[in-house]
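Student: Residues per chain, in single letters:
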Amino acid sequence: MVPLENYLALSAILFSLGVYGVLARRNAVLILMSVELMLNAVSINFVAFAVYLDPGKITGAIFAVFVITVAAAEVGLALAIVIRLFRNRATSNVDEAAIMKW
Amino acid sequence: MATEVLWWIFAAAIVVASAGVVFSRSVIHSAIFLIMSLAGVGAMYVFLTVEFLALVQFLIYGGAVTVLILLALMLTRTSVTGLPDKVNGAQAPFAAVVALGLMAILIGVAVGTDWPGNVSDTPANIPIEQISEKLFIDFGPPFMIASVLLLVALVGAIILARQEEGE
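Protein chains in written order, with my numbering: chain A, 1 to 102; chain B, 103 to 269.
I should point out that these hints are in silico values taken from the structure, not numbers from a laboratory. Any given hint could be a false lead.
What the hints assert, rightly or not - Simulated coverage check for chain A against chain B, where a stretch passes if three residues somewhere in it have a Cβ under 8 Å from a Cβ of chain B:
(1) 1-14
(2) 44-52
Claimed, not checked - Going by beta-carbon spacing under 8 Å, a handful of chain A positions derived as facing chain B:
(3) N27
(4) V29
(5) L32
(6) V35
(7) N40
(8) V65
(9) A72
(10) R84
(11) W102
We treat Cβ as the ideally placed atom computed from N, Cα and C, and that holds for glycine.
This is chain A alone, in the form it adopts within the complex:
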């Protein structure tokens, strides 16, 4: 049985890679993909903690289901926004769409 720390370290690496992607990338779709990496890291953490530390072992899986639900809704909406942005500005780079930046 793999110890709990391995799962936590894997999820930390995944989350940090996602943070790097969100901060460094210019393309909005690539930023969205990095957000997906971060959400997956969080789901791994939930399930690992529940399986190892929770006597019922189920609540973490339920929370992971909700995380997946919210991620699906977020991807649908965000890609609609990206397509609308591309139609109006002919770009999907976030630093060229800085009209709301103060």
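Following the hints, complete the assembly by docking chain B onto the known chain A.
Tutor: For chain B alone, coordinates are given in the frame of chain A:
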């Protein structure tokens, strides 16, 4: 012991694929790496003996989300010349510093903490009936709120992406 060897192989595959997502020069390659990474996370759920979540992961992430992302990439191609666009902003070095610092802190805390009850017993397989009972009885109201959220997101996405008259 064979399980641990397999675990390490899958963990290395996930890390390599995720690094491919954030470091790749081409957006299409990033999307392909993302599919690999999400499939690896599904395998992690199998290692954690939550097969239901692995199924959900393969179906929703591997099927729906990646198709959506690939479609959006196809619809927003900018480089008609074929030359790769500049993918990273000028802030990339600072982002690397932030991400490395965060990773060091998180791994340090995760390894340094003495987790209670972290014994080496094999976790029992979780039957799907228990998950459904928990989801529909104990988490009934959040489940309904989540369904409303999905409906609102669906309508909102249609309204946002719709081609209006005169455009």
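Student: Which hints, by number, does the structure contradict?
Tutor: 6, 11
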